[in-house]
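Protein chains in written order, with numbering that gives the first Met the number 0: chain C, 0 to 298; chain S, 0 to 413.
Derived by calculation from the structure, the hints in this document are not laboratory data. Since the structure is predicted, the reported quantities are computational estimates derived from the model, not experimental observations. Hints are supplied without guarantee of correctness; some may be wrong.
Covered by chain C, per the in silico footprint, the following chain S stretches (three or more residues, Cβ under 8 Å) [what the hints assert, rightly or not]:
(1) 66-72
(2) 170-182
(3) 221-234
By construction, the Cβ of each residue, glycine as well, lies at the ideal position given by its N, Cα and C atoms.
Read off the chains here:
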Amino acid sequence: MKKNAYLLMVVPAVLLYTVFVAYPFISSIFLSFFDWPGIGPKKYVGLANYKTILFGYMQPEFLRSITHNAIFFVWSWILSILPGLFFAFCLYAGLKGTNLFKVIFFFPNVISIVVVGFLFSLLLNPQWGLINALLKAVGLKAWAKPWLGEIKYAFPTIIGVTQWRGLGFYILVFLAAMIGVNKDEVEAARLDGASEFRIGWSIIVPHLLPTIMTLTILKFIWTFNIFDIVYAMEGSQGGPAGSTDVLGTLFYRIAFGGLGSSEVGMGLGAAVVTIIFAVVFPVSLLYVFIIDRRMEGKA
Amino acid sequence: MKKFAAAALLALSLLSFAAAEDKVTIWGWRPQDADLWTKVQSAMQAQGTKVTIDYKTYLATEYDSKLFVSLQSGSGPDIFYTRRLPSASRTQALIDGKYIVPLNGKVNLKNFTDVTLSFISENGKTWGVPFANQVIGIFYNSDLFKKYNLKEPSTWPELLQVCETLKKNGVTPIFASNKDAWTLAMQNAMVSVSYPGEAWLGKLTKGQAKFTDPEYVEMLTALNDLKKYYQEGFSANSAAEQDVAFSMGQAGMVFGGIFQNSNWLKTNPDFKFGYFPVPSKTKAVTPKVYVYMDGSYGLYSGSKNQAAALKVLNFAATPAFGKIFSETTGEITAMKGVAMPASKPFLQECYQYANTQASAYRYWVGSPFDAGKPSVYDLLSENMQSMYLGVLTPVDFAKKIQDGVSTWYPAFKK
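So that you can see chain C by itself, here it is in the shape it has in the complex (with noise of 0.2 Å):
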């Protein structure tokens, strides 16, 4: 009895998962093979729904969108790793200041996503937005755009927006990486008359590999989940026009309808998210395949 006493305390843990985690996964799985609109007999189709994704009706809306999604993966990859490592670089120098920056890049971050998109949906308004009235105070009314409204801006706005709110996480995440590096290297690099840029790129940054390898597995499938932000600044259309359309959106719309969309169909929409399972799943084991071979370097 004693012997085997831990299995009783992994019970709660164990139901817990497999309450909100196991049953939910596998029972979507099994319903991306019937047509279901979520009440009702549910009618066996086999592979007909992902047919009908992969290479039906469906296929422009879904290949439009795992590209949008692919796009936001470079972007945001770009846009929050190279200027996390930057500024966590200028916090690691010790400028003055360095803790009222943190808490400045940080902030963003503790403001929910949705409240995120509302306010800049506002900010970004074309009549009344602040970030267009500025545009035209000071003389760049011609910059003044519908950020939102026409399809070359709206998706590369939704990402930077995401990327301000999510700067601050790259920074502390590299800066702690930063801190872990032997600062006896970085003295006696100095000593030797290393410059600050050759320090960084000869001895940070190789330290750092592992952490941008992670945050970069992290973000590819944040990427691919992703639908708060599209969804509270441009709806569950993707607009305009579909040119900001990502997996979530696409999923939303199948699975629920609402108002804009008369598309009902719990097993669509299963065969959606069993898909975008397909695409996060093998990254997901890589990335648990890193962590495991640091943990056990450091072990």
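Keeping the supplied structure of chain C fixed, place chain S upon it in accordance with the hints.
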């Protein structure tokens, strides 16, 4: 003493049973109806019907999911709001799952027109008591029209003339809400009943006309050309922003629905506005009005309180209810023969239009074109945005709709 206590207990339990029997729970997606049900309860009680109504409201986008879960677990409300047929596959699912009761013979529906009932009927069975008819078209700022001596236009050239006058005087002629794609689908649909017109729509419905016909492409071109009269940056404005701008006098007109009037009056209680149907191309075609039934009250098959629920539904089918509905919500009751409140002349006008000039054919909500996938609704929403943004020509737009609908619409597949 024991006998007395037992008798008292029995009486109490009978009383509580009776009280529970008369309590009717109603679920809906319209928060503006809370006062309505309070007034209905008072009116029914004044007539001697002992009934209490408990109305719960949920976000429109979450309503169906919550209702479905509760119905399947057997804990659903006695009465629930249902969406119209045939486009609402959710209502069809309730019928298929036997969660909703047909009301034929249970509720007297003589106060509704056949057209209104057709939105919630199928194979001779009626599945709900309709509550509102929505009228969509062009609403205008009465003060601005008066100030610039403008008259309600009845042809498209006259509409352009009104726009031109407003623009010359520094007033935004039309405030558009292009960020919300559904409003563009609605705009397209309301224009179609007058331009190219009801007769063409009739042919389209029967498969004798196509979206790629010159008449339809011409309509799309006319709409696209209208954007020069929209506000600067119109592509990024939402329906909520349109409501505020219009009611605060920042624009002369909007393409909208009567359902928006409560928002306008909430923002500006002194706001005065009028309505006219979308003008036709020429005087030879009579402008029509896009009217659709907005929703109805359905009866849950698992209700343990059906007798009381039916009393409420029967009351909801009387002109007395229609009057309370329109006075309280500021919307048009789905019933015929109800006097609209004198304090709301715009309601009287729209109600009159709904009963005399409604188009018999349509391709947006409540139409056969909304019963399959991809629906005209979905195709219009996104492609209207594309056309206004200049990435899709009216010709390509028309082809996209035709190609999309042709994949499933029976009359196009022949």
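Among all the numbered hints in the text so far, which are the ones the structure does not match? Those not satisfied: there are none.
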